[in-house]
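A.B. asks: Sequence:
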Amino acid sequence: MSIFVLAYALGPLAWGPLSELYGRIIVLQLTNLFYIFFNLGCGLAQTKGQMIAFRFLAGLGGSAPLAIGGGVLSDLFTAEERGRAMGMYSLTPLLGPALGPIAGGYVTQETTWRRIFYSTTILTATIQAVGFFVLQETFTPVLLARRRARLIQQTGNEALHTEFDHPDRTARATLATALTRPFRLLATQLIIQCLALYMMYLYGLMYLVLSTFPALWEDVYRQPVGRAGLNYLSLGIGFFLGAQLCAPLQDRVYALLKRRRGVGRPEFRVPMMVPGAVLVPAGLLVDGWTAEARTHWLGPNAGAGLFAMGTIIGFQCVQGFLVDSYARYAASAVGAATVLRSLAGFGFPLFGPDVYASLGYGWGNTVLAGVGVVIGWPGPWLLWRFGEGLRKKSPYAAGA
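So that you can map any letter, position 173 of the sequence shown is 173 in the numbering used here, and since no number is skipped, the others follow by simple counting.
Quick caveat, the hints were computed from the structure, so don't treat them as lab data. Fair warning: there could be bad hints in the mix.
[As the list claims (entries may be wrong)] Label-pair distances were calculated between CB atoms; the ranges are:
{"id": "1", "residue 1": "L33", "residue 2": "I152", "range": "46 to 56 Å"}
{"id": "2", "residue 1": "G226", "residue 2": "Y118", "range": "16 to 26 Å"}
{"id": "3", "residue 1": "L241", "residue 2": "E218", "range": "41 to 51 Å"}
{"id": "4", "residue 1": "L298", "residue 2": "P141", "range": "45 to 55 Å"}
{"id": "5", "residue 1": "D219", "residue 2": "L241", "range": "21 to 31 Å"}
{"id": "6", "residue 1": "L359", "residue 2": "L33", "range": "36 to 46 Å"}
{"id": "7", "residue 1": "T126", "residue 2": "M88", "range": "30 to 40 Å"}
{"id": "8", "residue 1": "M88", "residue 2": "A215", "range": "47 to 57 Å"}
{"id": "9", "residue 1": "A149", "residue 2": "Q46", "range": "31 to 41 Å"}
[As the list claims (entries may be wrong)] Here are the simulated lysine to aspartate or glutamate pairs, EDC-like style, with alpha carbons at most 20 Å apart:
{"id": "10", "residue 1": "K258", "residue 2": "E137"}
{"id": "11", "residue 1": "K258", "residue 2": "E388"}
{"id": "12", "residue 1": "K392", "residue 2": "E137"}
Small disclaimer: the values here were computed from a predicted structure and weren't measured. Beta carbons are placed, not taken as given, at the ideal position from N, Cα and C, and that holds for glycine.
Turn these sequences into a full structure, and let the hints steer you where they fit.
C.D. replies: Next comes the structure, spelled out in structure tokens:
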């Protein structure tokens, strides 16, 4: 799992800016084909080295929607509509890791693990085939460039241009500018650095919980593999409820504050971050101490559900803030923030078992909850207080 998530840290650095150069659809479709090919390779792998290599390459292909999705939402929805759209976009990447182990547990219990890769390859190939016919380009500069090319062909007027054209820049320079943009954003934009740090904490915790679930339910609660996998439903339910509550409320809060202030601001996403920042440590404490006491299985699941609700609320608000702040460069901004979050998803599961082995589930989760309080509780106030000033100093932020 960790090597796949490591690829998630690297892929968006290329896919996000490339989508801002060549369009969303072509990058999504090519990377999806890349994923299909190497995911099938995982099912056919004969050695550990082959599995690691194919898994990493499949992760590179599968990481494209993490960066490009935010850009597509910026293309299609106004700020007032973006909360609901962001709710669906944020939900699906989290539901997969939460619900996948349920099917995976029964598949590996009844048949070979290779079937998992074969079935996901077939499903992805089916989606790719449908998407080839129904997906349409959404990025305005690319659409205008295509229209310009048609008009030049019809009129012969080579002087036609769009506001996004850079005739003084070579193709090589344009590509270099696009590919280095996520690094420049991550290095220079304090807003992205802070939000990436919070996303890193949330994402790392999520994968830590996912990676330690088997040991908790199989070793501590003595459940068989298939039944142990059903406990992932608590995470899925928490993600779903959090998304359904946060998405409409986020739009309502945004619209209300816009009416009062007269103009929309990315900071209007901040109020909904508060309940998410409270639910994450609360869920960790309930999960950890009920597991430590070996209470009824509903106890840890209730804590995991609360944690999942807080996690997706935080994800929605952070990604909504980034998309609102860096509208044209939303894919690059989300891609830059994805680096730290995916590195955490790679690293946290590596040390998680040692933490719980040393401290137990109760104190282990208490430490993690304390980190969440230190990072998550001051964050909303700081963004609300200083966010607008930081955006005004940025050459990339919308309206700067």
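A.B. asks: Could you see if the CB distance from D219 to L241 stays within 21 to 31 Å?
C.D. replies: holds (29 Å)
A.B. asks: Using the Cβ atoms, figure out if G226 sits within 16 to 26 Å of Y118.
C.D. replies: About 20 Å separates the Cβ atoms of G226 and Y118, which means 16 to 26 Å holds.
A.B. asks: Note whether the CB distance of M88 and A215 lies within 47 to 57 Å or breaks it.
C.D. replies: violated (32 Å)
A.B. asks: Kindly confirm whether 46 to 56 Å is satisfied by the beta carbon distance between L33 and I152.
C.D. replies: violated (31 Å)
A.B. asks: If I claimed the Cβ atoms of L359 and L33 lie 36 to 46 Å apart, would that claim hold in this structure?
C.D. replies: For L359 and L33 the Cβ distance comes to about 45 Å; the hint holds.
A.B. asks: Assuming the hint says 45 to 55 Å, is it satisfied by the Cβ distance from L298 to P141 or not?
C.D. replies: Because 52 Å falls inside the window, the suggested range holds.
A.B. asks: May I ask you to test the hint 31 to 41 Å on the CB atoms belonging to A149 and Q46?
C.D. replies: Given a distance of about 48 Å, which is not inside 31 to 41 Å, the answer is violated.
A.B. asks: Is the hinted pair K392 and E137 satisfied, with a Cα-Cα distance of at most 20 Å?
C.D. replies: This hinted pair is violated, its Cα atoms lying about 30 Å apart.
A.B. asks: Could you check the hint for me, namely that T126 and M88 are 30 to 40 Å apart, CB to CB?
C.D. replies: Because 20 Å falls outside the window, the suggested range is violated.
A.B. asks: Honestly, do L241 and E218 meet the 41 to 51 Å range at C-beta?
C.D. replies: violated (26 Å)
A.B. asks: Would you mind confirming whether the straight-line C-alpha gap from K258 to E137 stays at or under 20 Å?
C.D. replies: violated (30 Å)
A.B. asks: Given the hinted pair K258 and E388, is their alpha-carbon gap at most 20 Å?
C.D. replies: holds (14 Å)
Checked against the numbered hints above, the structure breaks hints 1, 3, 7, 8, 9, 10 and 12 and satisfies the rest.
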